[in-house]
Amino acid sequence: MLGLNKKDASLLLMVAALVAFAPILLNPFPEASALAQFNAGYPDLMQRFVIFGIFAVGFNILFGLTGYLSFGHAAFLGAGSYAGVWMMKLLTVNVIPAILISTVVAGLFSILIGFISLRRSGIYFSILTLAFAQMSFALAASVLTPITGGETGLNLALDDPRILEGGNTTGNIPAPNFFGLEMGDSLQLNVAGWLWTFNVGYYLAGVVLIIAFYTAIRIFRSPFGLMLRAIKSNQHRLGFTGLNTRPYMLACFVISGMYAGLAGGLMVAMDPLAGAERMQWTASGEVVLMTILGGIGTLIGPVLGAGLIKYFENIFSKINSNLLHEWFAFLPDGLEDFVVTIIYPFVGKGWHLTLGLMFMGVIIFLPGGLVELGQRIRRVFSKKDANQHTKPAE
Amino acid sequence: MAKSNFTRRGVLKTGAVAGAGVALPTIFTASSASAYVNEPTGSSVTLGFNVPQTGPYADEGADELRAYMLAVEHLNGEGDGGMLNTFSSKALKGNGILGKKVEYVTGDTQTKPDAARASARSMIEKDGAVMITGGSSSGVAVAVQALCQEAGVIFMAGLTHSNDTTGKDKKANGFRHFFNSYMTGAALAPILANEYGTDRKAYHLTADYNWGYTTEEAVRTSTEAMGWETVAAVKTPLAQTDFSSYVAPVLSSGADVLVLNHYGGNMVNSLTSAVQFGLRASEANGKQFQIVVPLYSRLMAQGAGKNVAGIYGTTGWHWSLENRFGERYTGSNAFVQSFGQKYGFPPSQAAHTVYCQTLLYADACERAGTFNPCGVVEALEDFEFDGLGSGPTLYRGSDHQCFKDALVVKGKENPDSEFDLLEIVDVTPREALVYDPAIFGGELGSCNPGA
Amino acid sequence: MDQIVLQILNGLDKGSAYALIALGLTLIFGTLGVVNFAHGALFMLGAFCAVTLSRILSLSHTILDETKKDFLGNPLKVEVPYVKDWFGEAAGAAIIDWSVPLALLFTVPVMIGIGVIMERGLIKHFYKRPHADQILVTFGLAIVLQEIVKYYFGANQIPMNAPQAFFGSFDFGAMIGMDPGAVIYPYWRIIYFCFAAVLIAGVFAFLQFTTFGMVVRAGMADRETVGLLGINIDRRFTIMFGIAAAVAGLAGVMYTPINPPNYHMGMDFLVISFVVVVVGGMGSLPGAILAGLLLGVLESFASMRQVLEIMPGINQVVIYLAAIIILLTRPRGLMGRKGVMED
Amino acid sequence: MGILEVKDVGKRFGGLQALSDVHLNVMENTCHAIIGPNGAGKSTLLNCLIGKLIPDTGSVMFQGQSVLGRSPFEINQMGISRVFQTPEIFGDLTVMENMLIPILAKRDGAFEMNGWSKLASQKDVNEYAEKMLEDMNLVDKRNMHSASMSRGDKRRLEIAMCLSQDPSLLLLDEPTAGMARADTNNTIDLLKQIKEERDITIAIIEHDMHVVFSLADRITVLAQGTPLVEDTPENIKGHPKVKEAYLGETA
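Residue numbers (the working numbering), protein chains in the order written: chain A, 1 to 394; chain B, 395 to 845; chain C, 846 to 1188; chain D, 1189 to 1439.
Just chain A, with the same shape it has in the complex:
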């Protein structure tokens, strides 16, 4: 299908199905139940899953294939975001031009940074990218305030020109839309206590994710992708095999940067504000963590890693002591307080602690990240399967 082998095609179909049914799958608990706190099926978080998934998939094209660890990838996401907001300010609040320009600007920006940084390899490359990103962040937050909005961020204003629509100075700023369909619009479906929200913006981002994922598969499986993996494996040998690794690296870096820009464009399409801290090293570090957590060099890993980190950030940080008391109200009072006291440091303001423990736990017990977890589970099942049928080995 679409030039993919069977395994890849089924992976793509699986991702497409997950994207399509996420609003249902991510809301496993009825709206009214106490566990509904763990539901993730609301537009903002679903959009974030998808957007950071794109970001991480793109990052993995660079890091997973070539082994070049960029510590400044957030700069491209930030540059894309700024470009997107400016497009919405100047031209139109239709999201398509914004997303396109984000990708292009991030691509240009990554040509510049990549051209210089790729002169070095290993940790020297990492530090060069980090330095560029930190410079971008520092300048965006301060000296470039007229262009970037500084620390408060760049957002839409009523008196923006919006050439295609004509600016208005009264009423409200028009919402970002896809040819009239507003990103914030949702269809809510209430079935027997479950509340499912099908959001326009989410599905737009979802479609983009599927396209991005398909492109990533094609890159992974192409001769180009093979050369990139060869760079990771033995760059020295590759030179003596007649290949100039520099343009390959640069192309890969730019593709990866454009993925980041695409993610940035989608981010401002969903929520039209671009802040400088999107470019900070912590943001670059986050995508590194997402990729490692999910499984470096695997196709689906980075998407899973992105999902897990964003889930923690958005769900665990919102659990407060009040909620805990409510959940454990069935316990006797003393025990209830005890249980809440035990759990409380790990949720709400302590969600970072849980995140840190999870990083350590995953990498200690699952060296291949979340994908390895999946593989192990599958192995357990297939073993069972084999036992049941008592198939001979081979």
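If you are wondering where the hints come from, they were derived from the structure by calculation, not from laboratory data.
Bear in mind that the values here come from a model prediction, so they are computed numbers and not experimental data.
Note that the Cβ used here is the ideal one computed from N, Cα and C, for glycine as well.
Keep in mind that a hint or two might mislead.
Unchecked claim - One-sided and incomplete, this derived list gives chain C residues near chain B with beta-carbon spacing under 10 angstroms:
1) 847
2) 975
3) 978
4) 1007
5) 1013
6) 1102
7) 1110
Stated by the list, open to error - Taking lysine-lysine pairs in the DSS-like style, the calculated list, with each CA pair at most 27 angstroms apart, reads:
8) 1183/C x 1240/D
9) 1240/D x 232/A
10) 973/C x 736/B
11) 700/B x 929/C
12) 1329/D x 7/A
13) 1342/D x 1380/D
14) 913/C x 700/B
15) 700/B x 922/C
16) 6/A x 1383/D
17) 232/A x 1380/D
18) 929/C x 232/A
19) 1425/D x 1383/D
20) 1383/D x 232/A
21) 922/C x 736/B
22) 232/A x 1183/C
23) 1311/D x 7/A
24) 7/A x 1319/D
25) 1311/D x 232/A
We have chain A; now place chains B, C and D onto it with these hints.
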């Protein structure tokens, strides 16, 4: 324990289980179902408290959260009622808001605009919050305010001091009770002139971001109007932790006052450096060298320890206000009492401002008779009130900024406890702080109910 | 001219802090081949050793002072440290006053212990793992350590004071024969600089002149061969990790009077210390020191207002700009060896 | 005229004159061995031939074109393939993938963003790779991780990778170093077979006389950075100078 505050879900539980029998899928889009976003349909209403819980401002966020929980208690008729008893508007009856019990959800802004918006959106989209409040920086306040305007809910800003929040980035759905950079300058300058004379030469160190710019400008303008001269103004990176290279040249620059336009950790570190370099013990131009910190908070004073002794600045409110200046500030002591009884220490200015914001929002809903943001906006615009601990106060309609007295404080030489680090020098009456809303530009737009 | 001397002095002082942290980081890079993202957290733990000691020293009982009132109008509770009861008012106050220098003694065993536990319990299992795994696990560890500290000490900064004797500043310029009043510098920063110099010299001497250090240096160059010689290099590496942790911890203790510590201070230093290590050249201890001092001085110069008037915003980026220029002109940093962490 | 002409090459490292006055003429379709005791400058010479080092003096011409100053990939594209002392393969990849890389590199030149365009010819590439593996008896191991193969197999794979590009000149740097006797003999047989079957020039740097005398048509003896003598294996065997400098010690 606080089992009484069931969230919306807890209450929905019975209703939904009963409704499940019907099991006919109901389809509605966000716009068709109600007159405004997240119209509370059950017996409760959900407020979203969005404060920094991680990062360097986590302790400030924690103090805000304490005040929010206290406010919710008082609104629901529990506890001693706090400032409900002294508030000039008597619309609130201690039975929730419009008869609906007040519930809340909490989130973590991380003091990052992106994270703050994510958290606010989850409150609006997932938890059905009808009002978002909180925050501990102007970047976050501006970002979340813009989001609330787009989403169609009310935003009651927490601690945000930049002129932009109700200046160039003001929004119809957003309101600020806290004071701003302009007011700091206006309040501080006369007292500085009085204490240090009118022929001072000032050296500014300014945090290189929006709040820093507006604060530097405000302090410069108002001190220069008093006759001060500005020798230099140097911008320092926001991420800077060691300010020694910025402080070192000050003494030989010909200045005799150092103004630190820094907040939070920036201020703690720059002030510590300035004291280390012996600025306060030095003389310049034949005068005692002085340091000024335009905006003080208790956490900053705690962080800088005894280095704050004798250093002037402004603050939005202080727990000793009513004791010092009497009845004009009625409500202060009521709030300090009920906060202190519950948590064992006095509230900070952040706690005070968010408590007031919660009460003001609730009161506006009562007076408007609806949670509809447009009704609330109308009720809050040009609302004149008293009894919330800051004296007579006006919520100006043209920019949604509160006008109330501002406090000039200085660090105590011999503090009695870690909460008693500042003493009030004087209070600048609100009349002296008024400015023309047009000077900062920006458009309020019109209220957005989201539907 | 005065300004330039002042900024060079300041840059060296700031740079010595960078160098000290980068030194420990390079030791771990070089000897163990581990990218330790938790190194900043070790620095932070050192600072909190000092906080803990000062808390222990000022453990108090409360007495009621009827003449004063607290914020609720009740009699004021005054805290009286036990040490004042035991050693008398003046001696007790002096002990509390000297808590930061005292913390140096307290910190060394604690940090070596933490370092050894970290290495044996966690890092050891990651020697053979890819650098990416090391980054994730040490970053996770750094977050956990930070959050634990935050849980007990709060997120706000905690003021720590140098002993009264070293408070304030003195005329450094006059000492070296310049005009009086030209270069005024705080005592404690000069002490910090000297302390850093002594500590760095100590580590170098240890590596240079002891057999232990010789083996470790040989191990840095070629781990397998040293292993083949029948030397238990692992145990030595454990000790090396402990030493690196202690160096970071001591740097943290001495830093507390300069900037009040908070749980996040390690992260603030993490990026800059990595830049310093890499600019210095991977695996080179002198390189790390040189780069630390160099970047410190550059940062100080960039913060001068005369410079900022010409190049606004240069203070925001100078370190990164310098790093880029150095890495582009010198492929392996200032003093890097070939083949270390290049792939 | 030779396919590879080295004239007057000299190279100095600090105080050490590693190479001086090196003249070498490798004739087409021969196997030319370069031997010499340790430290004679064999590896330095080789590195000069493949562009890793640039000599201080002299010229290196391949088929009439200078190779000096060119990067490794350009030299490869001129038709020189190199086999390393320790087999350099792509350890993380499978044997088949290893095989595909040089074929694709040859097809696409230095750089090609071939995501979609050349899919049609992908089948030919795969078939060719399959055939190469068959020739080298590696076809059973096609899906194996190449890093986990034996040293002999790695060497075969590396040679296969080089041959797949149809080079005019194959440079071998001590191809049997560190190998067991059986592996060494296999490698010799393989190289003999290659020599017979293909129009290829081989230049080999070797320590092991057994290998040299089994393969070489001509031999250059290098000592202290200078060529001592160049002749056929038979003549070299009895050459007194060589005996003195090199063989004397071993024979």
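Hints versus structure:
no.: 1; hint: 847; in the structure: holds, 6 angstroms
no.: 2; hint: 975; in the structure: violated, 29 angstroms
no.: 3; hint: 978; in the structure: violated, 25 angstroms
no.: 4; hint: 1007; in the structure: holds, 8 angstroms
no.: 5; hint: 1013; in the structure: holds, 5 angstroms
no.: 6; hint: 1102; in the structure: holds, 8 angstroms
no.: 7; hint: 1110; in the structure: holds, 7 angstroms
no.: 8; hint: 1183/C x 1240/D; in the structure: holds, 15 angstroms
no.: 9; hint: 1240/D x 232/A; in the structure: holds, 20 angstroms
no.: 10; hint: 973/C x 736/B; in the structure: violated, 54 angstroms
no.: 11; hint: 700/B x 929/C; in the structure: holds, 20 angstroms
no.: 12; hint: 1329/D x 7/A; in the structure: holds, 22 angstroms
no.: 13; hint: 1342/D x 1380/D; in the structure: holds, 18 angstroms
no.: 14; hint: 913/C x 700/B; in the structure: holds, 20 angstroms
no.: 15; hint: 700/B x 922/C; in the structure: holds, 19 angstroms
no.: 16; hint: 6/A x 1383/D; in the structure: violated, 42 angstroms
no.: 17; hint: 232/A x 1380/D; in the structure: violated, 34 angstroms
no.: 18; hint: 929/C x 232/A; in the structure: violated, 64 angstroms
no.: 19; hint: 1425/D x 1383/D; in the structure: holds, 22 angstroms
no.: 20; hint: 1383/D x 232/A; in the structure: violated, 33 angstroms
no.: 21; hint: 922/C x 736/B; in the structure: holds, 18 angstroms
no.: 22; hint: 232/A x 1183/C; in the structure: holds, 18 angstroms
no.: 23; hint: 1311/D x 7/A; in the structure: holds, 19 angstroms
no.: 24; hint: 7/A x 1319/D; in the structure: holds, 26 angstroms
no.: 25; hint: 1311/D x 232/A; in the structure: holds, 25 angstroms
Going through the hint list in order, the structure does not satisfy hints 2, 3, 10, 16, 17, 18 and 20.
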